[in-house]
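Enquirer: Chains R and B, in that order, give the protein sequences.
With the UniProt record's numbering, letter number 126 in the first sequence gets 126, and the count goes up by one each step, no holes.
With the UniProt record's numbering, letter number 468 in the second sequence gets 468, and the count goes up by one each step, no holes.
Everything labelled a hint here was simulated from the structure, so no lab data went into it.
Quick caveat: nothing in here was measured; it's all calculated off a predicted structure.
Fair warning: there could be bad hints in the mix.
[Stated by the list, open to error] Computed list of chain B residues with no C-beta within reach of chain R, every gap over 12 Å:
#1 GLU215
#2 LYS266
#3 ARG412
#4 PRO498
#5 GLY505
#6 ILE561
[Unchecked claim] Using 30 Å as the maximum straight-line C-alpha spacing, the simulated DSSO-like pairs for lysine-lysine come out as follows:
#7 LYS262(R) with LYS262(B)
#8 LYS14(B) with LYS373(R)
#9 LYS358(R) with LYS296(B)
#10 LYS373(R) with LYS296(B)
#11 LYS358(B) with LYS14(R)
#12 LYS397(B) with LYS296(B)
[Stated by the list, open to error] Going by beta-carbon spacing under 7 Å, a handful of chain R positions derived as facing chain B:
#13 ARG276
#14 ASP298
#15 LEU476
#16 ARG497
#17 PRO498
Where is the CB? At the ideal position from N, CA and C, for every residue including glycine.
There are 2 protein chains.
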Amino acid sequence: MTAAPTLQPHLGLKTPPPLPRGGLRVMALGGLGEIGRNMAVLEFDGQLMVIDCGVLFPEAEQPGVDLILPDFGVIEHRLHEITAVVLTHGHEDHIGAIPYLLRLRKDIPLVGSRFTLALVKAKLREHRIDPVLVEVAAGDDHLAGPFHCEFISVNHSIPDALAVAVHTPAGTLVHTGDFKMDQLPLDGVLTDLGAFARLGVEGIDLLLSDSTNAEVPGFVTSERNIGPVLDSVFERAGQRLIVSSFASHVHRIQQVLDCAVKHKRKVALVGRSMVRNMGVAQDLGLLRVAPGLMVKLDEATAMPPEQVVLISTGSQGEPLSALGRMARGDHHQVTIEPGDTIILASSLVPGNETAVYKVINGLARLGATVIHKETAMVHVSGHAPAGELRTLINVAKPRYLMPVHGEWRHLRAHAALAEQTGMSADRILLAEDGVVVDLVDGKASIVGSVPIGNVYVDGLNVGDVGEESLQARRILGDEGFVALTVVIEPSTRTIVRPVHLSTRGFSDDPGAFNEVLGLVEKELKRAMEDEQVDAHRLSQVIRRTVGKWVSDTYRRRPMIIPTVLEV
Amino acid sequence: MTAAPTLQPHLGLKTPPPLPRGGLRVMALGGLGEIGRNMAVLEFDGQLMVIDCGVLFPEAEQPGVDLILPDFGVIEHRLHEITAVVLTHGHEDHIGAIPYLLRLRKDIPLVGSRFTLALVKAKLREHRIDPVLVEVAAGDDHLAGPFHCEFISVNHSIPDALAVAVHTPAGTLVHTGDFKMDQLPLDGVLTDLGAFARLGVEGIDLLLSDSTNAEVPGFVTSERNIGPVLDSVFERAGQRLIVSSFASHVHRIQQVLDCAVKHKRKVALVGRSMVRNMGVAQDLGLLRVAPGLMVKLDEATAMPPEQVVLISTGSQGEPLSALGRMARGDHHQVTIEPGDTIILASSLVPGNETAVYKVINGLARLGATVIHKETAMVHVSGHAPAGELRTLINVAKPRYLMPVHGEWRHLRAHAALAEQTGMSADRILLAEDGVVVDLVDGKASIVGSVPIGNVYVDGLNVGDVGEESLQARRILGDEGFVALTVVIEPSTRTIVRPVHLSTRGFSDDPGAFNEVLGLVEKELKRAMEDEQVDAHRLSQVIRRTVGKWVSDTYRRRPMIIPTVLEV
Chain R
1 MTAAPTLQPH LGLKTPPPLP RGGLRVMALG GLGEIGRNMA VLEFDGQLMV IDCGVLFPEA
61 EQPGVDLILP DFGVIEHRLH EITAVVLTHG HEDHIGAIPY LLRLRKDIPL VGSRFTLALV
121 KAKLREHRID PVLVEVAAGD DHLAGPFHCE FISVNHSIPD ALAVAVHTPA GTLVHTGDFK
181 MDQLPLDGVL TDLGAFARLG VEGIDLLLSD STNAEVPGFV TSERNIGPVL DSVFERAGQR
241 LIVSSFASHV HRIQQVLDCA VKHKRKVALV GRSMVRNMGV AQDLGLLRVA PGLMVKLDEA
301 TAMPPEQVVL ISTGSQGEPL SALGRMARGD HHQVTIEPGD TIILASSLVP GNETAVYKVI
361 NGLARLGATV IHKETAMVHV SGHAPAGELR TLINVAKPRY LMPVHGEWRH LRAHAALAEQ
421 TGMSADRILL AEDGVVVDLV DGKASIVGSV PIGNVYVDGL NVGDVGEESL QARRILGDEG
481 FVALTVVIEP STRTIVRPVH LSTRGFSDDP GAFNEVLGLV EKELKRAMED EQVDAHRLSQ
541 VIRRTVGKWV SDTYRRRPMI IPTVLEV
Chain B
1 MTAAPTLQPH LGLKTPPPLP RGGLRVMALG GLGEIGRNMA VLEFDGQLMV IDCGVLFPEA
61 EQPGVDLILP DFGVIEHRLH EITAVVLTHG HEDHIGAIPY LLRLRKDIPL VGSRFTLALV
121 KAKLREHRID PVLVEVAAGD DHLAGPFHCE FISVNHSIPD ALAVAVHTPA GTLVHTGDFK
181 MDQLPLDGVL TDLGAFARLG VEGIDLLLSD STNAEVPGFV TSERNIGPVL DSVFERAGQR
241 LIVSSFASHV HRIQQVLDCA VKHKRKVALV GRSMVRNMGV AQDLGLLRVA PGLMVKLDEA
301 TAMPPEQVVL ISTGSQGEPL SALGRMARGD HHQVTIEPGD TIILASSLVP GNETAVYKVI
361 NGLARLGATV IHKETAMVHV SGHAPAGELR TLINVAKPRY LMPVHGEWRH LRAHAALAEQ
421 TGMSADRILL AEDGVVVDLV DGKASIVGSV PIGNVYVDGL NVGDVGEESL QARRILGDEG
481 FVALTVVIEP STRTIVRPVH LSTRGFSDDP GAFNEVLGLV EKELKRAMED EQVDAHRLSQ
541 VIRRTVGKWV SDTYRRRPMI IPTVLEV
């Protein structure tokens, strides 16, 4: 619990004025007010630099949508001014929208660490895009137009993550990317507090910092602590063992491999992204694989179950994933047996709870023991909780703080933490997507906002599904539709054919609407007594008649689709 | 973490044989394999007794559905054999389906405690049903045909909850209802371990016990511990204060009232069920309300915000609730101001996470501080966690255990706990809805199963929405539809009117299907060259042509609805 921040929400802001000469402008096209599609745009002297370009996964209110992109509309006419896209790490919510940005201009330089760029490259290959890549490492400098970037190592749930300090004549901005402060990281790569402290002494004008876990008290548990828990599960598992985790969580997978070696089990990777990413990680020396440890899935299924561990995707309950199929008993190679053990060594992303529990229940029904983060310490978060966020602020001593990467609850909690450290409320900038922050003469402030929409990817197309289609999907998905078609002869004003009815998703009773057809015909005939009547008017008659009847009879509101055809 | 239970799931069971003379049969029509619609049916000597009759709330995969009922199909032809419905407590998942059961036979006696029956009565009044009520209290006996019931007080998140021991010539069955073992309950009513111990000594043949929190380690935190947390929030809140909770959680509300008195705030109740239930609780002396404490909402909104606390429904993120409206800024009486404090003193029911976080984010965006169970100890569960479930088994020493009230993950976890106490696996009956357990000659076993479906309430109707409609809703909701209507003259095999197209939920681009119309017409004409062609065949042509085109062009699969009208 924290004190109520005194900051006001930025509702009803106006279009921002032009950026004053010598000023630095910051605007998020995504990631503020949501967890995902992170993308910040910096502007100085007519040039732009982008930090991250990720996707957001849709909620139930965005049915049928595959992905949500940052809204590129604001920069679409300024693509030639983009000096670089700096990528802090290789998670989808930071790199997933890159293919869609490069469709607009394919030679934008992508700047990132070795592992990040390897994942980006693999992704772009699937989109048949050959990008311009600039590899950097912690401690490196990179000049992107007027943006002098300096990279700082941070610790996160994927290797090779970076924060970036951007020095401009207007001042220094530091963006943490996603980070936490695991003090015993598996690869020894710490969040470089020394670098943040040095930058703090030099002067950080504006700190953009990860808010994801701002509501969570305390400090992270080390990733390393998961090892012994996995070990004890391996120790007791007498049969098949399946571990599911994120396909990019190299250190988690490493600990599973280490357990497998110790307990003399071979390992098979299941799922396309798991195979691909672990291949990349192994090639770059980030994943240590003992010789002869890995087997293919068909070899694994032919081995005695107690001699193998499967590492699978599907930890978020995806119904089409390998684990999802196993839970329903319809995986073509793996059949769950009573006594099998499944570990979900993963987070439970908000919104996925029902899907994840469905998988757990399916596995439990088949007789498996399922171990997950609610029942054992098989997951730690990749994001800094409250104690570490306060620590960063105390170390970096920014003049201004802009909480990023979070829903409003996280942004506001982060602001409250900053106030606790002594920052005054007017130095904490609570912004949402599209809100424009200018740093001018050492002073950062909100100067306006531009409208930011949701850009939906559905199948092959981007942007053609919008709020109108989603609203229709919501109605159709909840209530179904009833379509009534009538063919009339306009000159004689007669009905040529009885009303044709077509309905889906309303009722399993095929005769549900029989009763109303006569009524519709009667109302149509009455309406056609008027010589001025037209198809539009007759459509209204159908809609009104059916709408009232179905509401009175069923208390439901299906979509009503009248069609009047004139022959 | 627990050892893998050796119990097998009961898949592919057959129809059970007739109940042997002198045997007791137990079958759940709901509540096993799901959290909700709890309903157990007992049978002895041709007579039935029902324990609880609740509703289940739908998931995203059951779009548009209002409620899910237990499947009464199995007992529909045996309604006259029901001697009583025993209600353990007044939560919706235990009493919500009563109106629908009484529609089938209205004079089934309802047996329950004073508060439970008061809530049932209020509910039935809305359905215009005047029930037969039999009030009982802990310690009471009640004879329902051959079922000799004895009631035991249990502690839960609603007052006046009961467990029931059912003595029959076949043996004794004990059903816990929902319970926990708060050792400092606000009303002093403990779960009566003495009674369970006595019954254990006398001999419990079969224990049906609440599994909801079987995955949660340890023991409950006392409800009483929430008081000081609320107090500290009241202490610091300088403006408006809103507390949201379940409308039946009398003890939670009592603690809010006590804080209000201490901090000199008046109280207004918001939400129909909150007003109704607290009225009932006050009438029965379960809620102590200081004189002059309560004000109406319009009085409250006219008072200075720091002198009032609103107690509201909407803690599960219901968009139409008072709190949901406040979060969107469209409540007609209450406007959230920066610095307001909202407490969600409630659980987060799985499946509701997205909705609840949307409300929290909406409030946070408007400048409010939102305190919820993830950030402060403002909620404790009403269900016994692992430590208490083990305790009950050790005290009651049942010969057989049947875990109830839970999804598979909970049932299996409960079974594992029982094994830890020393029960052998063959005395733990893991069943799901419809599985039939017979207690014959002191031995309980699974003897078969009957099919149990989901009975959906949608608007005024029960049962007409089934899997076919839901499947259509899921497709329509994800992809929308495209309907193509063509009018032909069958004798001449000519198209009388160009193909008419109607589409919703597919794309915001009105011309999305323009390209395919010519193709459809071409294919239709080609098909009509065949003299044998009929409307069905032409429909297939439309479906195939459009289906292929839309899949190739968009990688989407909208519902395609061809209509061929002959004039």
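Enquirer: A separate judgement is required for each hint: does it hold in the structure or not?
Expert: Structure-based check of each hint:
1. With a minimum CB-CB distance of about 5 Å to chain R, GLU215(B) fails to clear the 12 Å threshold, and the non-interface call is violated.
2. Non-interface call for LYS266(B) relative to chain R: holds, since the shortest CB-CB distance, roughly 21 Å, exceeds 12 Å.
3. Distance check for ARG412(B) against chain R: the nearest CB is about 5 Å away, which does not clear 12 Å, and the non-interface claim fails.
4. Distance check on PRO498(B): its Cβ comes as close as 10 Å (rounded) to a Cβ of chain R, failing to clear the 12 Å threshold; non-interface status is violated.
5. Taking the minimum C-beta to C-beta distance to chain R, about 4 Å, the non-interface status of GLY505(B) is violated against the 12 Å cut.
6. A Cβ of chain R approaches the Cβ of ILE561(B) within 12 Å, the least distance being about 6 Å, so the stated non-interface status is violated.
7. Using a Cα cut-off of 30 Å, the hinted pair LYS262(R) and LYS262(B) is violated, with the two alpha carbons roughly 61 Å apart.
8. Using a Cα cut-off of 30 Å, the hinted pair LYS14(B) and LYS373(R) is violated, with the two alpha carbons roughly 36 Å apart.
9. Proximity of LYS358(R) to LYS296(B) is assessed by CA-CA distance (about 43 Å); at most 30 Å being required, the pair is judged violated.
10. With a C-alpha separation of about 45 Å, the suggested pairing of LYS373(R) with LYS296(B) is violated against the 30 Å cut-off.
11. Restraint check for LYS358(B) and LYS14(R): satisfied, since their Cα atoms lie roughly 25 Å apart, inside the 30 Å limit.
12. About 51 Å separates the Cα atoms of LYS397(B) and LYS296(B), which puts this hinted pair outside 30 Å; it is violated.
13. For the restraint placing ARG276(R) at the interface with chain B, the shortest Cβ-Cβ distance is roughly 21 Å, beyond the 7 Å limit, so the hint is violated.
14. The beta carbon of ASP298(R) is not positioned within 7 Å of any beta carbon in chain B (closest approach about 26 Å), and the interface hint is therefore violated.
15. Hint status for LEU476(R): holds, given a least beta-carbon distance of 4 Å to chain B, under 7 Å.
16. A hinted interface residue such as ARG497(R) counts as satisfied when its beta carbon comes closer than 7 Å to some beta carbon of chain B; here the least separation is about 6 Å, so the hint holds.
17. Taken as an interface hint, PRO498(R) does not check out: its beta carbon lies about 10 Å from the nearest beta carbon of chain B, beyond 7 Å.
Violation of the numbered hints given earlier is confined to hints 1, 3, 4, 5, 6, 7, 8, 9, 10, 12, 13, 14 and 17; the remaining hints are satisfied by the structure.
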